[in-house]
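Undergrad: Take a look at the letters that make up each chain.
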Amino acid sequence: MRIAVTINGKPMSADVEPRTLLAYLIRDEFNLTGTHVGCDTTSCGACTVLMDGTPVKSCTVLAVQADGTEVMTVEGLEHNGQLHPLQQGFWESHGLQCGFCTPGMLMTTYALLQRNPDPSETTIRRAISGNLCRCTGYQNIVTAVQYAAPLVREARTLTTEVGE
Amino acid sequence: MFPNAFEYVAPASLEEAVQALVRYGDDAKVLAGGQSLLPIMKLRVAAPAVLVDINRIPELAGFREDGQELWVGALTRHATLEWDQDLVPRYPLLGETAGSIADPLVRNRGTIAGSLAHADPAADWGAALLALRGAVTVRGSRGDRRIAIDDLFLDVLTTNLEPDEIITGVHVPRPTGHVAAASLKLERKVGDFAVVGVALHVETGASGAIAQAGIGLAAVGPTSLRAREAETLLVGQQLTPGLIREAADLAAKAADPASDQRGSADYKRDIVRVFVERGLGAVRDRLTGIRAESA
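As they're listed, the protein sequences go chains A and B.
Going by the numbering used here, the first sequence runs without a break in its numbering and finishes at 164.
Going by the numbering used here, the second sequence runs without a break in its numbering and finishes at 1295.
Keep in mind the hints are simulated off the structure, nothing from the lab.
One thing to keep in mind: the hints can contain errors.
As the list claims (entries may be wrong) - Pulled a few chain A residues facing chain B out of the computed Cβ check, cut under 8 Å:
1) K10
2) L21
3) V61
Treat the numbers as computed from the prediction; the structure is a model and nothing was measured.
For every residue, glycine included, the Cβ atom is placed at its ideal position computed from N, Cα and C.
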C-alpha cells in the first residue's frame, strides 16, 4: 500500500505491506534510527513517537494506520542545531546511561510538557510509567524534565510575546 | 516481530465496515486501538486474514449525554475517559478504571469498546461496566441491537457478537444522587494483567441510603463477573463497617477463580473479599466527603 506521512514536518511516502509496523517504517524506510525498538511487545516504550501530537508505542501501530498523520520522532526535537530543553536537561542532569530508552522518554515527556508545562514530580513519574529504563532508576530522568519545564515555559512566553 | 501477512481495509463508514465483515466473516477481525490485537498478532497467537480498521469512521468517535445515559463512541480512547474534566467527576468509575489500564501510552491508543469486544476476563472495563450497569450497541448486517453488559460475555475471549457485528458505542446510565466509586487491582507489576480486579460503583439517595450498588469482578472467572448477592445486600442500607464486611464475604463467594501461576483459587477469592471491603470503605469515606461538601 502507498502511504503518505509527514515526519518531523517533512512530507514522506512509502510502499508498505499492511503488516509493517510504524516503528519499522520509521527506521527501515525513512532511515530515522533514533526511534528504538526495545521489547517489541508493547511494554518498554523505547519506540514512542508522537502521532498527531499523541505519544504512542510505534511497535504497536501499523504503518498503514499512520497514513495521512503527522509523526514526530526524536530527530524532530532539535531545532537549527539547538537541542530542545528536554535534550539539554537529559544532558545536564545525567538523565541517561546507556541511552536506549532515551528517545522514548524524550517523546513522552515532550508531549507531557506540551500539555502541562508545570508538572509535579508525581505527574512526571506517572507520565513516564509506560517507558522503562534499566539504568538510571528514573531519578535523573525526572530531574531532567524538571530542568526542562521552566525553559519550555519561558520559550512559550517568548513566542506568545513575539506573536502579539 | 511482524504479524502474519493480512489484507487491510480501512472503511470510511460503518456501512462499509459491516459489508467488509459480511464478506470476510470469521476471517476478519476489527482493529480499533489495536493494543491487544496487534500484540497477539505479533506473537502469532492470532492470525486473521483480514483487518477491518474502524479508526477512520467518524461516527464512532466522541461521547455525549443523551437523556438518561452517557454514550461513549467505540473509538474513545482510555486516556479520554481518564482525563476528561466534564466526565470524570460525574462518572468516577470511568476515570478510575481508565487510569489503571496498562500504561499511559497504551491508554492513548486503546479503546473501551475494543477492550469489551476482546472479552479478556482479566480486563478492567468488563468489571467496571458490570458495576455501572452499562450496555453496548452493535451494528451488523441485520441492523442495530443493544446488548446489556450482563449478556455480552459468554466465555473467555468470547462475546455474543455475530461475526458481522461491530460495537458502535457503550452506554452508561447517568448517576442520580451522590456517587462514589473505587477500582482496585492486584497485579504482579504495574500494567500487567490483573491477578484480581474489583470495580465498585455506589449511588446514594437523599437519605444517604444506597440507591444503587454495582460490584464487578475481574480475573476471577471465565468472564467478568457481577457479585449480585453482595449488590442486593447493599441496596437500601447505610454503609456501615458490619455491612461492608458482609458484602465482602458475599462478593468473595461470587468469585470463581482458577489456580494458576499468579495465585491459588483460595488466595484470589480472599483478595476479592479484601478488595471489596477496602473499596467500599473508600466509597463510604468519599460519600461522607461529598455530603459534607454539599451540606
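Undergrad: Take the hints in turn and mark each one as holding or not.
TA: Hints, verified against the model:
This hint is violated: A:K10 has a C-beta 23 Å from the nearest C-beta of chain B, more than the 8 Å allowed. With a least beta-carbon distance of about 7 Å to chain B, the hint placing A:L21 at the interface is held under the 8 Å criterion. Below 8 Å, beta-carbon pairs count as interface contacts, and A:V61 has one with chain B at about 7 Å; its hint therefore holds.
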